[in-house]
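A.B. asks: Here the protein sequences come in this chain order: A and B. Position one of the first sequence corresponds to residue 3 (the numbering used here), numbered consecutively onward. Position one of the second sequence corresponds to residue 3 (the numbering used here), numbered consecutively onward.
To be clear, the hints were calculated from the coordinates, so they are not data collected in a lab. Check the hints yourself; a few may be wrong.
It does not matter which identical chain is meant; a pair holds if it fits inside one copy or across any two.
With a straight-line cut-off of 25 Å between C-alpha atoms, the simulated SDA-like cross-links for lysine to any residue are [claimed, not checked]:
1. Lys-33 <-> Asn-81
2. Lys-36 <-> Glu-78
3. Lys-99 <-> Glu-77
4. Lys-82 <-> Phe-19
5. Lys-73 <-> Asn-88
6. Lys-82 <-> Gly-66
7. Lys-85 <-> Thr-39
8. Lys-45 <-> Gly-66
9. Lys-99 <-> Glu-55
10. Lys-33 <-> Gly-44
11. Lys-82 <-> Thr-24
12. Lys-70 <-> Asn-81
13. Lys-36 <-> Lys-82
All of these numbers come straight from a predicted model, not from anything done at the bench.
There are 2 protein chains.
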Amino acid sequence: MAERTEENIVFIGGKPFMNYVTGVVMQFTTKGAKEVTIKARGKFIARAVDVAEVATKRFLKEQGIEVKDIKINSEEFENKEGKKVNVSTIDIILVKK
Amino acid sequence: MAERTEENIVFIGGKPFMNYVTGVVMQFTTKGAKEVTIKARGKFIARAVDVAEVATKRFLKEQGIEVKDIKINSEEFENKEGKKVNVSTIDIILVKK
Numbered sequence: 003m004a005e006r007t008e009e010n011i012v013f014i015g016g017k018p019f020m021n022y023v024t025g026v027v028m029q030f031t032t033k034g035a036k037e038v039t040i041k042a043r044g045k046f047i048a049r050a051v052d053v054a055e056v057a058t059k060r061f062l063k064e065q066g067i068e069v070k071d072i073k074i075n076s077e078e079f080e081n082k083e084g085k086k087v088n089v090s091t092i093d094i095i096l097v098k099k
Numbered sequence: 003m004a005e006r007t008e009e010n011i012v013f014i015g016g017k018p019f020m021n022y023v024t025g026v027v028m029q030f031t032t033k034g035a036k037e038v039t040i041k042a043r044g045k046f047i048a049r050a051v052d053v054a055e056v057a058t059k060r061f062l063k064e065q066g067i068e069v070k071d072i073k074i075n076s077e078e079f080e081n082k083e084g085k086k087v088n089v090s091t092i093d094i095i096l097v098k099k
């Protein structure tokens with residue numbers, strides 16, 4: 003199952019790709035969500051876009067799920083050497099029409 | 003210099019990161035563009051977000067440049083083995099307020 007800290011949010015990480023797609027699809031189908039947010043940071047951003055594309059175009063095509071909004075931002079964190087580093091983030095908000 | 007096929011479009015690839023940031027910044031400053039689109043495919047999508055974040059937040063902060071819209075999509079292409087593969091794409095549209 004995909005990682006989630008809150009309802010209706012799917013965080014993209016290094017688990018098998020289809021875990022995340024299934025996580026998004028199930029939010030809409032089994033759990034009846036009206037809105038699901040896919041979140042990722044750094045290198046996982048490209049993967050978040052892949053998950054959104056596969057979920058909406060291959061699995062949820064008949065359900066009327068579309069991209070409502072996409073937000074990008076930066077977060078500052080300290081790396082192992084104690085140096086401040088910026089990492090980009092993305093939120094892809096999917097909505098049931 | 004960043005790769006460009008059209009005016010006001012910066013395609014993100016494997017060149018040094020700052021080439022792309024400079025490309026975006028110069029479009030707004032030297033060339034007086036009102037709108038610049040950052041485009042990327044596949045693994046370069048994460049980099050496109052980094053370029054947009056660094057350009058707008060570090061270099062163009064005083065210029066009133068902001069993200070106007072972000073679009074994601076998929077393109078189908080044939081790989082070396084002749085198999086059809088989907089690749090995700092992103093367009094990040096920056097605009098001068």
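A.B. asks: Against this structure, judge whether each hint is valid.
C.D. replies: Evaluated hints:
For the identical chains of this complex, Lys-33 and Asn-81 are neighbours neither inside a copy (37 Å) nor across copies (37 Å), given an alpha-carbon limit of 25 Å. Neither within a single protomer nor between protomers do Lys-36 and Glu-78 lie at most 25 Å apart by alpha-carbon distance, with minima of 31 Å and 29 Å respectively. Within a single copy, Lys-99 and Glu-77 get their C-alpha atoms only as close as 31 Å, which misses the 25 Å cut-off; across copies the closest is 24 Å, which meets it. Taking the closest pair of Cα atoms, Lys-82 and Phe-19 come within 25 Å of each other only across two copies (23 Å); inside a single copy the shortest separation is 28 Å, beyond that limit.
Proximity of Lys-73 and Asn-88 under a CA criterion of 25 Å is satisfied in both settings, with 16 Å inside one chain copy and 23 Å between copies. In this assembly of identical chains, Lys-82 and Gly-66 lie within 25 Å of each other by CA distance neither inside one copy nor across copies; the values are 44 Å within and 34 Å between. Within a single copy, Lys-85 and Thr-39 get their C-alpha atoms no closer than 30 Å, and across copies no closer than 32 Å, so neither meets the 25 Å cut-off. With identical chains, the CA atoms of Lys-45 and Gly-66 are never at most 25 Å apart, being 29 Å at best within one copy and 27 Å at best between copies.
Proximity of Lys-99 to Glu-55 under the C-alpha cut-off of 25 Å is restricted to the intra-copy arrangement: shortest distance 16 Å within a copy versus 30 Å between copies. Taking CA atoms no more than 25 Å apart as the test, Lys-33 paired with Gly-44 passes in neither setting, with 29 Å inside one copy and 30 Å between copies. Taking identical chains as interchangeable, the C-alpha atoms of Lys-82 and Thr-24 are never at most 25 Å apart, the minima being 33 Å within one chain and 29 Å between chains. Taking CA atoms no more than 25 Å apart as the test, Lys-70 paired with Asn-81 passes in neither setting, with 33 Å inside one copy and 31 Å between copies.
Taking the shortest alpha-carbon separations for Lys-36 and Lys-82, neither the intra-copy value of 39 Å nor the inter-copy value of 40 Å comes in at or below 25 Å.
Checked against the numbered hints above, the structure violates hints 1, 2, 6, 7, 8, 10, 11, 12 and 13; every other hint is satisfied.
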